[in-house]
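Spelled out, the chains give:
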Amino acid sequence: MTLFNLTSRRSRPRPDSDSELLASVAATGDTIAFETLVEKYSARVFALVVRVTGSAPDAEDITQEIMMQVYSRAASFTGGSAVGTWIFRIAYNMAIDHERRLASRRRRLGDETPLTAAEASLQTSGEDEADPRVDLLVEAMQALPPDDRALLTLYYYDSRPVAEIAEIMHLSQSNVKVRLMRLRRRLKEAITSGLTPQT
Amino acid sequence: MEKRIIPGTSKAGNTDTDARLDALIARSVSRLDSSPGLAPGFARRTATLAAARARREREREERRERLMARVVPVACVVAAVVALVIVMPELPGALAMSVATPLRSILSGMEVSPYALRLVGTVAVVGAMLAGLNAVLRRHASHRTQGAAQHT
Chain A
1 MTLFNLTSRR SRPRPDSDSE LLASVAATGD TIAFETLVEK YSARVFALVV RVTGSAPDAE
61 DITQEIMMQV YSRAASFTGG SAVGTWIFRI AYNMAIDHER RLASRRRRLG DETPLTAAEA
121 SLQTSGEDEA DPRVDLLVEA MQALPPDDRA LLTLYYYDSR PVAEIAEIMH LSQSNVKVRL
181 MRLRRRLKEA ITSGLTPQT
Chain B
1001 MEKRIIPGTS KAGNTDTDAR LDALIARSVS RLDSSPGLAP GFARRTATLA AARARRERER
1061 EERRERLMAR VVPVACVVAA VVALVIVMPE LPGALAMSVA TPLRSILSGM EVSPYALRLV
1121 GTVAVVGAML AGLNAVLRRH ASHRTQGAAQ HT
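Quick note, the sequences are listed as chains A and B, same order. Per the numbering used here, the very first residue in the first sequence carries number 1; after that it's consecutive. Per the numbering used here, the very first residue in the second sequence carries number 1001; after that it's consecutive.
Derived by calculation from the structure, the hints in this document are not laboratory data. As the structure is a computational prediction, the values presented were derived from the model and not from experiment. Some hints could be false.
Claimed, not checked - So these bits of chain A aren't anywhere near chain B, every CB distance computed over 10 angstroms: (1) Gly-29; (2) Ser-76; (3) Gly-80; (4) Arg-101; (5) Leu-109; (6) Glu-167.
Stated by the list, open to error - Estimated spans, in silico, between C-beta atoms of each pair: (7) B:Thr-1048 <-> A:Ala-75: 13 to 23 angstroms; (8) A:Arg-105 <-> B:Val-1078: 18 to 28 angstroms; (9) B:Leu-1084 <-> A:Gly-80: 31 to 41 angstroms; (10) B:Ala-1079 <-> A:Ser-104: 38 to 48 angstroms; (11) B:Met-1068 <-> A:Arg-182: 46 to 56 angstroms; (12) B:Met-1088 <-> A:Leu-109: 56 to 66 angstroms; (13) A:Leu-102 <-> B:Pro-1040: 22 to 32 angstroms; (14) A:Arg-106 <-> B:Val-1082: 49 to 59 angstroms; (15) B:Val-1078 <-> A:Leu-109: 29 to 39 angstroms; (16) A:Ala-43 <-> B:Arg-1020: 51 to 61 angstroms; (17) B:Arg-1139 <-> A:Arg-106: 35 to 45 angstroms.
Glycine residues also receive a C-beta, built at the ideal position from the N, C-alpha and C atoms.
Work the whole structure out from these sequences, hints included.
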């Protein structure tokens, strides 16, 4: 009986666009539509969260919590932005909140040496060992605050336009551009100073 | 990677050097995560969990509404009694006397007045209401405790 139900649900014509999927989730709690959304967005959301938090297990938990928030808040989606932007806004907020809570707990416990994204990845990744500039950049990125890492991920990894990034991060477009410019300059300096022989 | 103009890099847009820096940054951002990614079946698991959580929340909401439907009328009655006592401070004394007088009459073998019996009835009804309210509140507290225990 369960198998029959599952099969008949799966054979139903599926809504195509993300907003239709989300509307179906909001109206009837359609888990199949929700699963389609999760399949489409979870990897990219995870990519953002893992770069903000620096811990893959934490990032997986947070990604799950983000997607569950998407399910429970589906009815509150007004269509003012793209579904992807809306999901990434939830993801960004939750990842940054997690980092703030963690930082505050570390301060309370007197531990001021967090394991950052770059440190975590450096423990296992050796892909770019041949290029010392990448190592320098990764090292520089590990010193950045979580929201700057999120900005770099959204722009360079997820290739999102500035307007969308501004919406996700609750910033103005010009603010995003200025921050990108400063980050770029800072990372460039990190390479230059790292490659210059110390005298 | 798609070549995009980053503001502030150069007046005429990205130079070759800027484009190379962009490519390096993009590679470095990619390298910030070397984990295998999400576990297989993540989407199915998340959908099941989300549906279960939504169902639990719905049930909790229904329970709360049912409880409110029971508690609010009782609370109104209690509030009315309290208000009555505040407005008529002699009421508790009169009620006590209404219990004491017929008791004394019964004990002394005298006839019991119907007025006194009505007052005794009122006291009994108010007492029963308070006992009912107490039972409802106790049951609510017990549900909450059980729910918290299941959650943990």
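Against the structure, the hints:
{"no.": "1", "hint": "Gly-29", "verdict": "6 angstroms, violated"}
{"no.": "2", "hint": "Ser-76", "verdict": "14 angstroms, holds"}
{"no.": "3", "hint": "Gly-80", "verdict": "23 angstroms, holds"}
{"no.": "4", "hint": "Arg-101", "verdict": "20 angstroms, holds"}
{"no.": "5", "hint": "Leu-109", "verdict": "23 angstroms, holds"}
{"no.": "6", "hint": "Glu-167", "verdict": "18 angstroms, holds"}
{"no.": "7", "hint": "B:Thr-1048 <-> A:Ala-75: 13 to 23 angstroms", "verdict": "20 angstroms, holds"}
{"no.": "8", "hint": "A:Arg-105 <-> B:Val-1078: 18 to 28 angstroms", "verdict": "44 angstroms, violated"}
{"no.": "9", "hint": "B:Leu-1084 <-> A:Gly-80: 31 to 41 angstroms", "verdict": "54 angstroms, violated"}
{"no.": "10", "hint": "B:Ala-1079 <-> A:Ser-104: 38 to 48 angstroms", "verdict": "43 angstroms, holds"}
{"no.": "11", "hint": "B:Met-1068 <-> A:Arg-182: 46 to 56 angstroms", "verdict": "54 angstroms, holds"}
{"no.": "12", "hint": "B:Met-1088 <-> A:Leu-109: 56 to 66 angstroms", "verdict": "60 angstroms, holds"}
{"no.": "13", "hint": "A:Leu-102 <-> B:Pro-1040: 22 to 32 angstroms", "verdict": "28 angstroms, holds"}
{"no.": "14", "hint": "A:Arg-106 <-> B:Val-1082: 49 to 59 angstroms", "verdict": "51 angstroms, holds"}
{"no.": "15", "hint": "B:Val-1078 <-> A:Leu-109: 29 to 39 angstroms", "verdict": "48 angstroms, violated"}
{"no.": "16", "hint": "A:Ala-43 <-> B:Arg-1020: 51 to 61 angstroms", "verdict": "28 angstroms, violated"}
{"no.": "17", "hint": "B:Arg-1139 <-> A:Arg-106: 35 to 45 angstroms", "verdict": "43 angstroms, holds"}
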